[in-house]
Amino acid sequence: MKLGFCTMGYLDYTTCEEAIRRIGKAGYDVVDIWAYSPHLGPDLYPSREQRKAIKNLIEECGIETCALSVNGGGLGLHLNFSHSIEAVRETTLQYYYDCIALARDIGCPLINMISGHMVYGTTREQVWEWNRAAMAKVAGRASDEGLTVAIHTLTPSEVTVIVTLDDALQMMREIDMPNLKVMIDTADQNITDPNLSDAIRKAGTDLVYVHCNDNSGTGQGDVHLPPGRGSIDWKSFFRVLKEIGYDGPITAQVHVGHPVDMDAWLYETKDYLRAAAKET
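Each residue of the sequence shown is one higher than the last, beginning at 1 in the numbering used here.
FYI, nobody ran anything at the bench for these hints, they're computed from the structure. Source: prediction; values computed, not measured. For every residue, glycine included, the Cβ atom is placed at its ideal position computed from N, Cα and C. Among the hints, a few may not be true.
As the list claims (entries may be wrong) - Each computed DSBU-like pair below joins lysine-lysine, with the alpha-carbon atoms no more than 35 Å apart:
id : residue 1 : residue 2
1  : Lys202    : Lys242
2  : Lys52     : Lys202
3  : Lys2      : Lys52
4  : Lys25     : Lys235
5  : Lys55     : Lys25
6  : Lys278    : Lys2
7  : Lys25     : Lys52
8  : Lys242    : Lys278
9  : Lys278    : Lys55
10 : Lys202    : Lys2
11 : Lys242    : Lys55
12 : Lys278    : Lys235
13 : Lys137    : Lys55
What the hints assert, rightly or not - Now the in silico label distances, taken between C-beta atoms and shown as ranges:
id : residue 1 : residue 2 : range
14 : Pro178    : Gly217    : 31 to 37 Å
15 : Lys278    : Ala133    : 41 to 47 Å
16 : Met1      : Ala53     : 27 to 33 Å
17 : Ser216    : Asp144    : 40 to 46 Å
18 : Asp43     : Ser236    : 30 to 36 Å
19 : Gly27     : Gly76     : 15 to 21 Å
20 : Lys235    : Lys52     : 39 to 45 Å
Please construct the entire structure, taking both the sequences and the accompanying hints into account.
Structural data, given as structure tokens:
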């Protein structure tokens, strides 16, 4: 198991470079990078030289890049495959294309992908088709670069189209491309369907990535606490991952809407997850 941490936790506190250094120093195996300003936004790091410097820094820190976390959903309403304005959808598609080029340049094998909000005046059937067409284009561009795309569900407060794991699996099967798979975000899954064990089994070999975080399983979402601070049964989580033969990275993506000591959470998360994994 390769354990990672997402730089998103440090958005309020440090630069992307400093976050990478701290994650490496803490003893993680991999890093997931937030692919938007003020961290590794494609427009903020447009040149090959800047991207090579990031790649070199990651190597110097003794870790690997496992994924890019894209902006969107409740955190980026301007990035939305589901919007009725075509220019918004086209801007979103270009952002994903830019993230694919960024991933290629820093040696990152995977990006995630989310659906966005449906707005008044559209139907679910129309919005589903917009998402299917756009996601197929993203997967096609990623395939050209040898990258995997993982469909990421979110809670209904963050997106309104691909909310459940069943939604993600349906979209994956309809597009039917070998590099398009699904991922599980445990905090979001704990709200949309807290039967995490069967969710993992349902995804099976199509599960290629996991965001590991905790909450109480109630509320409107976007509360991503360190594992062990919520209601998720982590021993069961690791046991079922082993059951399906999952060998991909497990990355903590912790963030809340108020100031915290992120360094403390960085170490707490690593120690807790490694201990839980050993007990299964």
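Verification of the hints:
1. Lys202 to Lys242: Roughly 14 Å between the alpha carbons, so the hint for Lys202 and Lys242 holds.
2. Lys52 to Lys202: Violated, because 38 Å separates the two Cα atoms, which is more than 35 Å.
3. Lys2 to Lys52: holds (23 Å)
4. Lys25 to Lys235: Given pair Lys25, Lys235 holds - Cα atoms ~26 Å apart, limit 35 Å.
5. Lys55 to Lys25: holds (16 Å)
6. Lys278 to Lys2: Judged against 35 Å, a Cα distance of about 13 Å means the pair holds.
7. Lys25 to Lys52: Distance ~20 Å between Lys25 and Lys52 Cα, so the pair holds.
8. Lys242 to Lys278: holds (12 Å)
9. Lys278 to Lys55: The hint holds at about 31 Å.
10. Lys202 to Lys2: Holds, because 22 Å separates the two Cα atoms, which is no more than 35 Å.
11. Lys242 to Lys55: With Cα atoms ~31 Å apart, Lys242 and Lys55 stay inside 35 Å; holds.
12. Lys278 to Lys235: Judged against 35 Å, a Cα distance of about 9 Å means the pair holds.
13. Lys137 to Lys55: Roughly 26 Å between the alpha carbons, so the hint for Lys137 and Lys55 holds.
14. Pro178 to Gly217: 31 to 37 Å: Holds - the Cβ-Cβ distance for Pro178 and Gly217, about 34 Å, lies within 31 to 37 Å.
15. Lys278 to Ala133: 41 to 47 Å: This hint holds: roughly 45 Å between Cβ atoms.
16. Met1 to Ala53: 27 to 33 Å: Cβ of Met1 to Cβ of Ala53: about 29 Å, so the range 27 to 33 Å holds.
17. Ser216 to Asp144: 40 to 46 Å: At 42 Å between Cβs, range holds.
18. Asp43 to Ser236: 30 to 36 Å: violated (41 Å)
19. Gly27 to Gly76: 15 to 21 Å: violated (31 Å)
20. Lys235 to Lys52: 39 to 45 Å: The hinted range 39 to 45 Å holds for Lys235 and Lys52, with Cβ atoms some 41 Å apart.
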